[in-house]
Amino acid sequence: DAGVTQSPTHLIKTRGQHVTLRCSPISGHKSVSWYQQVLGQGPQFIFQYYEKEERGRGNFPDRFSARQFPNYSSELNVNALLLGDSALYLCASSRDRGSWNEQFFGPGTRLTVL
Amino acid sequence: LAKTTQPISMDSYEGQEVNITCSHNNIATNDYITWYQQFPSQGPRFIIQGYKTKVKNEVASLFIPADRKSSTLSLPRVSLSDTAVYYCLVGFGEKLVFGTGTRLLVSP
Numbered sequence: 038d039a040g041v042t043q044s045p046t047h048l049i050k051t052r053g054q055h056v057t058l059r060c061s062p063i064s065g066h067k068s069v070s071w072y073q074q075v076l077g078q079g080p081q082f083i084f085q086y087y088e089k090e091e092r093g094r095g096n097f098p099d100r101f102s103a104r105q106f107p108n109y110s111s112e113l114n115v116n117a118l119l120l121g122d123s124a125l126y127l128c129a130s131s132r133d134r135g136s137w138n139e140q141f142f143g144p145g146t147r148l149t150v151l
Numbered sequence: 031l032a033k034t035t036q037p038i039s040m041d042s043y044e045g046q047e048v049n050i051t052c053s054h055n056n057i058a059t060n061d062y063i064t065w066y067q068q069f070p071s072q073g074p075r076f077i078i079q080g081y082k083t084k085v086k087n088e089v090a091s092l093f094i095p096a097d098r099k100s101s102t103l104s105l106p107r108v109s110l111s112d113t114a115v116y117y118c119l120v121g122f123g124e125k126l127v128f129g130t131g132t133r134l135l136v137s138p
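Quick mapping for you: the protein sequence lines, in order, are chains A and G. Be aware that the first sequence starts at 38, since it is given in my numbering, and climbs by one per residue. Be aware that the second sequence starts at 31, since it is given in my numbering, and climbs by one per residue.
Quick caveat, the hints were computed from the structure, so don't treat them as lab data. Misleading hints may appear alongside valid ones.
Said to hold, decoys possible - Simulated coverage check for chain G against chain A, where a stretch passes if three residues somewhere in it have a Cβ under 8 Å from a Cβ of chain A:
id, region
1, 42-50
2, 76-88
3, 117-128
As the list claims (entries may be wrong) - Calculated cross-link-like contacts (lysine to aspartate or glutamate; reagent style EDC-like; alpha-carbon spacing at most 20 Å):
id, chain 1, residue 1, chain 2, residue 2
4, A, Lys-89, A, Glu-112
5, G, Lys-125, A, Asp-133
6, G, Lys-86, A, Glu-139
7, G, Lys-125, A, Glu-88
8, G, Lys-84, G, Asp-97
9, G, Lys-125, A, Glu-91
10, G, Lys-125, A, Glu-139
11, G, Lys-86, G, Glu-124
12, G, Lys-99, A, Glu-88
13, G, Lys-82, A, Asp-99
14, G, Lys-125, A, Asp-99
15, G, Lys-84, A, Glu-139
To be verified - Covered stretches of chain A, going by a simulated chain G footprint (3 or more residues, C-beta under 8 Å):
id, region
16, 88-96
17, 101-112
18, 135-142
Keep in mind that this is a model prediction, so the values were computed, not measured. Every residue, glycine too, gets a C-beta built ideally from N, C-alpha and C.
The following block holds chain A by itself, in its conformation from the complex:
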């Protein structure tokens, strides 16, 4: 069984641009969560999606948005990029929503904003 996959692996953008990150969950998993991990810090929760609906949101501005597709894959969109958005963006999938479900993490997308 393939694990969680994310694309691209690395990305370089300039301030003000827009970026789309993609995530494919493990087969059978219906929930996808997104996290931002700034270098040297722990992952910060951005969104959780379950059955194509947003089920949880962290303290991130409206520049951050996401969606989940019928096949349970997901996209994270960030508009008007700032230097501070440079980070490792992690996607995690789980069978169901709720903290009792083990989350399986992908390798992440390293975003650099210049």
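Following the hints, put chain G in place on chain A, whose structure we already have.
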């Protein structure tokens, strides 16, 4: 305020037992505590999960007191390959909050 706190770093030697504590004062009634291990440039990897009392698997134990305001990850007989950052992840209703992370260094 949903917040989890861990010691910043810990040092140990091979073969010793390591205990890492996470404080989570405002954990929601129905939410679980999960611990992850992370190596540089990789996503976190699941170690163990629990709701209350004690949980044990082949790699670790997890102790959660009755008030559930903290949890302790116990790694028996650590090896050099256990050098990593360890995070607790706590559910606060619709939000999932990672702890501040504990950098464990295991020396020969």
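We went through each hint and held it up to the structure:
Against chain A, the region 42-50 of chain G contributes 0 residues with a C-beta closer than 8 Å to a partner C-beta. That does not satisfy the three-residue criterion, and the hint is violated. Counting residues of the region 76-88 of chain G whose beta carbon lies closer than 8 Å to any beta carbon of chain A gives 3, which reaches the threshold of three, so the coverage claim holds. Counting residues of the region 117-128 of chain G whose CB falls under 8 Å from any CB of chain A gives 10; the rule of at least 3 is met. With a C-alpha separation of about 11 Å, the suggested pair A:Lys-89 and A:Glu-112 falls inside the 20 Å cut-off, and the hint holds.
Simply put, G:Lys-125 and A:Asp-133 have alpha-carbon atoms about 14 Å apart, close enough for the 20 Å limit, and the pair holds. With a CA separation close to 15 Å, the supplied pair G:Lys-86 and A:Glu-139 stays within the 20 Å bound. Note on G:Lys-125 and A:Glu-88: the hinted pairing holds, with a Cα-Cα distance of about 17 Å set against a maximum of 20 Å. Taking the CA atoms of G:Lys-84 and G:Asp-97, the gap is about 13 Å. The hint holds against a cut of 20 Å.
Straight-line distance between C-alpha atoms of G:Lys-125 and A:Glu-91 comes to about 11 Å, which keeps the hinted pair within the 20 Å bound. The suggested pairing of G:Lys-125 with A:Glu-139 holds, with an alpha-carbon distance near 15 Å, which does not exceed 20 Å. With a C-alpha separation of about 27 Å, the suggested pairing of G:Lys-86 with G:Glu-124 is violated against the 20 Å cut-off. For the hint pairing G:Lys-99 with A:Glu-88, the CA-to-CA distance comes to about 31 Å; that exceeds 20 Å, so the pair is violated.
Annotation: proposed proximity of G:Lys-82 to A:Asp-99 is violated, straight-line Cα distance about 36 Å (limit 20 Å). Restraint check for G:Lys-125 and A:Asp-99: the C-alpha separation of about 17 Å stays at or below 20 Å, so the hint holds. Between G:Lys-84 and A:Glu-139, the direct Cα distance comes to roughly 18 Å. Compliance with the 20 Å bound is thereby established for this hinted pair. Interface restraint, the region 88-96 of chain A with chain G: holds (4 residues with C-beta to C-beta distance below 8 Å; minimum three).
With 0 residues having a Cβ less than 8 Å from any Cβ of chain G, the region 101-112 of chain A misses the three-residue criterion, and the hint is violated. Coverage of the region 135-142 of chain A by chain G holds [criterion: at least 3 residues with CB-CB distance below 8 Å; count 7].
Going through the hint list in order, the structure does not satisfy hints 1, 11, 12, 13, 17.
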